[in-house]
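Student: Each chain, written out:
There are 4 protein chains.
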Amino acid sequence: MIVVMKSEATVKETSAVIKKIQVMGYKPHLSSGEQKTIVGMVGNGEKVDPDEFQAMSGVESIVPILVPFKLVSREFKKESTIVALNGTKVGGNELIVMAGPCAVESRDQIMKSAEAVAKAGAKVLRGGAFKPRTSPYSFQGMREEGLKILREAGDQFGLAIVTEVISPDTVDLVASYAHVLQIGARNMQNYSLLEAVGKTTKAVLLKRGLMSTIEEWLMSAEYILSNGNPNVMLCERGIRSFEKYTRNTLDISAVPIVKELSHLPVVVDPSHATGKRNLVGAVSKGAVAAGADGLIIEVHPNPEEAMSDGPQSLYPHQFADLMLEIKNIANAVGRTCG
Amino acid sequence: MIVVMKSEATVKETSAVIKKIQVMGYKPHLSSGEQKTIVGMVGNGEKVDPDEFQAMSGVESIVPILVPFKLVSREFKKESTIVALNGTKVGGNELIVMAGPCAVESRDQIMKSAEAVAKAGAKVLRGGAFKPRTSPYSFQGMREEGLKILREAGDQFGLAIVTEVISPDTVDLVASYAHVLQIGARNMQNYSLLEAVGKTTKAVLLKRGLMSTIEEWLMSAEYILSNGNPNVMLCERGIRSFEKYTRNTLDISAVPIVKELSHLPVVVDPSHATGKRNLVGAVSKGAVAAGADGLIIEVHPNPEEAMSDGPQSLYPHQFADLMLEIKNIANAVGRTCG
Amino acid sequence: MIVVMKSEATVKETSAVIKKIQVMGYKPHLSSGEQKTIVGMVGNGEKVDPDEFQAMSGVESIVPILVPFKLVSREFKKESTIVALNGTKVGGNELIVMAGPCAVESRDQIMKSAEAVAKAGAKVLRGGAFKPRTSPYSFQGMREEGLKILREAGDQFGLAIVTEVISPDTVDLVASYAHVLQIGARNMQNYSLLEAVGKTTKAVLLKRGLMSTIEEWLMSAEYILSNGNPNVMLCERGIRSFEKYTRNTLDISAVPIVKELSHLPVVVDPSHATGKRNLVGAVSKGAVAAGADGLIIEVHPNPEEAMSDGPQSLYPHQFADLMLEIKNIANAVGRTCG
Amino acid sequence: MIVVMKSEATVKETSAVIKKIQVMGYKPHLSSGEQKTIVGMVGNGEKVDPDEFQAMSGVESIVPILVPFKLVSREFKKESTIVALNGTKVGGNELIVMAGPCAVESRDQIMKSAEAVAKAGAKVLRGGAFKPRTSPYSFQGMREEGLKILREAGDQFGLAIVTEVISPDTVDLVASYAHVLQIGARNMQNYSLLEAVGKTTKAVLLKRGLMSTIEEWLMSAEYILSNGNPNVMLCERGIRSFEKYTRNTLDISAVPIVKELSHLPVVVDPSHATGKRNLVGAVSKGAVAAGADGLIIEVHPNPEEAMSDGPQSLYPHQFADLMLEIKNIANAVGRTCG
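Residue numbers (the working numbering), protein chains in the order written: chain R, 50 to 387; chain H, 50 to 387; chain P, 50 to 387; chain B, 50 to 387.
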């Protein structure tokens, strides 16, 4: 339920509403816009009688929220959220491309990657320093050393940094280097991790779990917002299906669905969705035409030597060519890019 | 295995190759191009020694085909197939849009639909006269009367007709009215039906089964081609997944995959894929950007009164608006539309 | 809706009810039990006012049917259906095992198979004479010759015959040799085939489609019953999932679900469900413990030479051993076997 | 790779093998059996030349391990692992039943549950004190207070305690009360949590993720074993599929597959797999017949008032009746129960 205050409502009147919500055992959530102030009442409390608030001084109207996700819903906030990261904005008119290798392997590899993707028009550098791996015996990432390299490369080539965080106790460390904290698909329902990133103010890229419904995905975003961090971007990266030609099945419909249900920006990851370099281009273009606010694409200076995800990584020249095509599609749907 | 004849090969030399293939117990498949003549040897016979043919007079080279689908593969035929239907060509530079209601319900409904979709730029009118329904108690279609209405509407507004055929014994009847025989998702592996349409020369729109792999889909197309009919269009219409927000999950990656594996045109059905009117636009645009050769979209003059699929049918004015957006995307990928 | 007639109701009273149903535009379906006569009213007509019938002479009560499948539902018929086939009964206290090779390959192979499975306690011989194959170039079955061999073997070893029918125009031919007509998974929604077997009085084994929900499966059975044939057995044979260790994923829960929703017998096919010989035993035992009325198991005298499904076919001695274990489980759930 | 030492090998000889493994950059893993000592060499190092070890003093033979999971594989350890917990053994001849409510709601509820399930023959009490919930606004569990209640009930009625742990920082707390640490389906690939429980010596019940392949599940178990804890039980609890009649689809084949691939015990959770009380009995019996070593079943003294999972919780009297049936099946497969 949302309580919309009159434009002329006083701070005292708004405080009274907040207090009443607390007394009733719910959590108030204040948003002060340019025109109006609204107070969200979150919790499983849609049974509250709206009349209890309607009669209060300064209250304009009461809006019920019928979906299980509250703070992330369009019902709660009509305007699209724009997430700012190091000078770049995701969710506005500009289509943002994030690119880079799967894992940080060396300073040289990251410098080359950063230079190539920046030149082609990417605004954010991706690269994993903490790698969640199916096998305990696989390469687990360069950890803090990797974070340092990423940040150095980002600073040098004017790119923001997005990198994965895999445990609550490393959130502060990763946040001290990165502009965007990525929550990987396997951790989409790791609630202690969601709470930990929710307590920061960093931008978060929340990947959809590979067998998660759209509703579960939005509920995971709700964990982050309800802990105080509104800077969430949702990332569709393919779901698991019976089809084995691709690594996963990109759920392209998720793009318009999420844009309708939520005010949060949507980013598409064509590399993990397809798992094949030769499909990344077509799927990237499809995602932009379908309304994605951003793309995150794996690019490696030397894919055949990549420690992970080589077969789905683009060569730098392929990425540069693809960016030109992406710009054409972005323009065709009324957006800028690069 | 394919036997490529020299450009100067004589008819007699080619006949000798064909005879040898038959003697070995395989099926020859002759394609005479402008430059060269090739003879395909189909069957599970990749164990044949190429040398047996290489030494024959007039033979230029031998090309093995490693995929299980032969006649439909790009290995077999490099140039994209263009399917001609009533003056319209699918698979060439022009993006073709097929549109109309799910089912033929009345002459008035079809006339209104045809007029609206033709005016907006569609080239083919869709409408079901024989309806395969989950329940034996649901409306099963207007049958021949429906076919007559469709054809009348198509002739009046300059549209080709695509309509579903659901049993081998009605193939001739449907083919006498329609320009395109549609094989529905549930019948994708109804082999006696595939053989029956394979024995006609009509264009066929083969929908992917809702839980069929891409390979199984191409194998079903192979049934049609191996029975003599090369005029097949493949139609991706969503696969079944765990996500229930949409009716099915459109496998957008199938578009570039099929274009790579096969020379046949690919059409996307955003209406059955999503099951929701408000998602059809975004998904249509995504499909075109990803490389689809055509779209098949449900449009109904009065969706709320539709006997089936009302919630996924566009209003005529929505379709007209969408066509303008689709043209922009088509142009952005170097194609014309309408 | 079902109209239950009083035990003392006259034929004339019942006829009046039937006539009224017809006049209202629905299809009457008469079942005369030992105690009572009931008249089902099928069609999408659950909106009919029960009072219109309640007041009629001879009517005891009116029972609404809320599920979309009518004739197959437990609401419609409380007692479990027992399907009789050549002296064997499926759906009663005895657990029935059907066994034999995937395909009929030769007289010798079938004679050996029949002897082995009969000796071990199977009551029905399986074997495909018409094979629906993914590839048009694969072995399509021995057709009528195969049917003759099957029947000869069945007659010699006292086994009923179950074999697949794949097109409406061969239903009569197959029915002239077989005791049970099998509808394969790919044809579960081939409605013209369902109608054709529905017009016979032969027992039908309806396999669940690999992409079909339980409701869709029951609706397909409804096609057969509504065409007049009540002798349907449902066969769970695994559904398609993301797990690739097995050929399909056996939906064991489908057994108790179908027993609750429907009065029809349920048979489980552990061979196609798992695709692996070493898993057939465990899954067979699980299915019996979960309440299956029968099993259909692939057994081949020489699996490594089988033309299809060799890896999932049991050796005759394995089958004999498994039958002993199955009997133990059958006894533990209060059933007999063999 | 495994190095099997001769039965007369000295400690010094074994130490030399261990040292060589370390020098080569791999992790040695020592198992001293009654007859023989074996040294596992784990890591991605199957490229090591076996001859380097074969020639060493005291070495009997070298066994390569071809599967990606090493310590959990049957190749590594032939004998089935028996996990001991508070006097009860899982993985031996006795079938073990774990039962209790989804969540700890009150002392009274747990005492009643414990009394009922102990009386019926359960050996382990389940109950969630830390609840991972899809919504941040749902009841998150009684936490430490819940753990205390569980332990008190377990001690009073002679039951071991199994309860979920959801974050690395609460592992020690949960381990101080519980006999078995449960890793929930959503956390199956929460590697920091797996490492944390791997560093304890407590028994672990590792649920399969609802989107996880059997191989991924075994790899997650490998994380626990490779961190030093061999006391792992695998729990199949249903995977996500398109079928929506049940909450999940129990993969019954996973039972024999895991028993073949691994030496770890397998427990089946029919409650979460089906989500429906009326299906729990049939599926439980099926699981035991298929070879499960244990069951974990939701039982609530008052299901209609349960804070979570009420519809899938058995009434105490239903559970008591089911235990009698389960014992019959257990006996039929040569096991004891209760």
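Heads up, a few of these hints could be off.
It does not matter which identical chain is used: a pair holds within one copy or between any two.
[Said to hold, decoys possible] Taking lysine-lysine and the DSSO-like style, the derived pairs with C-alpha atoms no more than 27 Å apart in a straight line are:
| hint | residue 1 | residue 2 |
| --- | --- | --- |
| 1 | K293 | K126 |
| 2 | K293 | K251 |
| 3 | K161 | K376 |
| 4 | K61 | K293 |
I should point out that these hints are in silico values taken from the structure, not numbers from a laboratory.
Student: Look at each hint and say if it fits the structure.
Tutor: Consistency of the hints with the structure:
1. K293 with K126: Between copies only: 25 Å across chains, 39 Å inside a chain, cut-off 27 Å.
2. K293 with K251: For K293 and K251, the Cα distance exceeds 27 Å both inside one copy (36 Å) and across copies (32 Å).
3. K161 with K376: within (23 Å within a copy, 38 Å between copies)
4. K61 with K293: Intra 60 Å, inter 45 Å, cutoff 27 Å: neither.
Hints 2, 4, counting from the list given before, are not met by this structure.
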